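Student: Here is how the chains run, residue by residue.
There are 2 protein chains.
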Amino acid sequence: MIAVARFTPAIEITDAADPRIAEFTGIRERDLTGRHGQFIAEGTVVISMLAKAHRAGGAVSAEKLLILKNRQAGLEEILAQFPEDIPVYIAEAAVLDAIAGFHLHRGVLALGSRRSPPSPETLIGGLGAQSLVLVGCGISNHDNVGSLFRNAAGFRADAVLLDETCCDPLYRKALRVSVGSVLTTPYARAGSADGLLRTLAEQNFEIWALSPAGTIEIGDIEPARRVALVMGTEGEGLPASILSRFKSARIAQAPDLDSLNVGTASGIALHAISRAMGRLA
Amino acid sequence: MIAVARFTPAIEITDAADPRIAEFTGIRERDLTGRHGQFIAEGTVVISMLAKAHRAGGAVSAEKLLILKNRQAGLEEILAQFPEDIPVYIAEAAVLDAIAGFHLHRGVLALGSRRSPPSPETLIGGLGAQSLVLVGCGISNHDNVGSLFRNAAGFRADAVLLDETCCDPLYRKALRVSVGSVLTTPYARAGSADGLLRTLAEQNFEIWALSPAGTIEIGDIEPARRVALVMGTEGEGLPASILSRFKSARIAQAPDLDSLNVGTASGIALHAISRAMGRLA
Chain A
1 MIAVARFTPA IEITDAADPR IAEFTGIRER DLTGRHGQFI AEGTVVISML
51 AKAHRAGGAV SAEKLLILKN RQAGLEEILA QFPEDIPVYI AEAAVLDAIA
101 GFHLHRGVLA LGSRRSPPSP ETLIGGLGAQ SLVLVGCGIS NHDNVGSLFR
151 NAAGFRADAV LLDETCCDPL YRKALRVSVG SVLTTPYARA GSADGLLRTL
201 AEQNFEIWAL SPAGTIEIGD IEPARRVALV MGTEGEGLPA SILSRFKSAR
251 IAQAPDLDSL NVGTASGIAL HAISRAMGRL A
Chain B
1 MIAVARFTPA IEITDAADPR IAEFTGIRER DLTGRHGQFI AEGTVVISML
51 AKAHRAGGAV SAEKLLILKN RQAGLEEILA QFPEDIPVYI AEAAVLDAIA
101 GFHLHRGVLA LGSRRSPPSP ETLIGGLGAQ SLVLVGCGIS NHDNVGSLFR
151 NAAGFRADAV LLDETCCDPL YRKALRVSVG SVLTTPYARA GSADGLLRTL
201 AEQNFEIWAL SPAGTIEIGD IEPARRVALV MGTEGEGLPA SILSRFKSAR
251 IAQAPDLDSL NVGTASGIAL HAISRAMGRL A
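Chains A and B, in that order, are what the protein sequence lines are. In terms of UniProt numbering, the first sequence opens at residue 1 and continues consecutively. In terms of UniProt numbering, the second sequence opens at residue 1 and continues consecutively.
Just so you know, the hints here were simulated from the structure itself, not pulled from any lab data. In this text the structure is predicted, and so the values were computed from the model without any measurement. Please note that the accuracy of each hint is not assured.
When chains are identical, the list treats them as one kind, so a pair holds in a single copy or across two.
[Said to hold, decoys possible] Calculated cross-link-like contacts (lysine to aspartate or glutamate; reagent style EDC-like; alpha-carbon spacing at most 20 Å):
#	residue 1	residue 2
1	52	258
2	173	258
3	69	97
4	52	194
Isolated chain A (complex conformation) (with noise of 0.2 Å):
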């Protein structure tokens, strides 16, 4: 049988005003403002990931596309992987550009849409008996939250909980970082980073702090079945009030240095650990 290529219909778009293709307008800009559980995904893999999360059915779904006109044939094949009913808009790159309000490098965009994520205590509540939780308390910079999810994915932890004061992992920017992870990634944000520990604890979940003051090297601990990694702001950490009411590790570094970078310092503490719980091949 001849694989035959899905027919895209594009509609052009030669007006950066177009009201069709609205969402799209002033994206950076409005990464600092609420988008009522809308989100940009930009370039192939993370969009590939909407795609997939769009077709599994579940709390994501894609809504529109748009795309750099001359990269439109190169794209076929992550087209193809959006249902038909989803439109696919294109626009030459000074139209893109001026709708988007920077140069786009990747010239692929797509709008999706996520319900909104589920209480913690509703995600807590469905884990596992043997569960690895990252947990993020005033995580506000938009990398750091991306940098977060992706090594949550990467590590095999089973999901995500962000206090209220962590930025919206949604953000055009975390969204991209975590390579998509945040579509895939079960995640809840809201709350106190005590109540969420607090109720991390209730439900029998060992509480590990990280923190350069930390009692144990993060390569020692052994971790009970259910564990939760929680993790500071770079500048200034977790506040003492959670270090002194939890265990607390370290990751063995220079002294006199700033710390890790904070993306850097889940990476090496969800490795150490879904190791230490035989997770990881």
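Could you slot chain B onto chain A? The hints should help.
Tutor: Quick look at chain B alone, frame taken from chain A:
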């Protein structure tokens, strides 16, 4: 004795085209071109590292500073770290943004210069009997090069070697992501990856190429007294010619996902190796 703050005779710039601050104009675009040994340092942490390197009198020196007028008072402590013959220019936000070509959140810039890095042979020749070296091959992303240096410093590597296809670690963004470690970590950037590895092998370095297809998990290696850890690009990784000639290590992770961010991967591998070498507390 009452401490007296250093009097900083700052010079106000009111015209973005003033030749005295010409090196700071359009710095975002200039990241793409060479600067003949000059570099732009950004933010208080990096600029403190520059002051330290300048005072130490090595390969790095400071030439001038350009700061936001209304931050001058708050930055007095950092300005005092520079000798009085380093001129300090100040400008209002609108002028400063016009000079830089984009909005400068941090509002503090410095121009530095550094002598050409040593040849790889010279650098390797000066290393001790117990040494750890990080090698980057084809790392063209500024953030990733910066991360390599931050992690090399954090995990006590003695030097960083970059092949000629890596981007310049003195680029503003790379320097910033390194948190200034580029200014304090010995490095060389020249020649091919093959040439660098040949030189290291001749000097009795055990060479570990990091790859998702590596034969040994990074936590299981028993490092020699001289170790070189080799990192490739995120997408394509290290070429088969390198993987087949040297020992290879992998970071255990979930299958079917994009490999880790190269900065994160370097952090995990350096932490494991440096710890196994007994270099970390």
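Student: All hints are to be evaluated individually against the structure, with a verdict given for each.
Tutor: We went through each hint and held it up to the structure:
no., hint, result
1, 52 x 258, "between (39 Å within a copy, 15 Å between copies)"
2, 173 x 258, "between (24 Å within a copy, 17 Å between copies)"
3, 69 x 97, "within (12 Å within a copy, 34 Å between copies)"
4, 52 x 194, "neither (35 Å within a copy, 40 Å between copies)"
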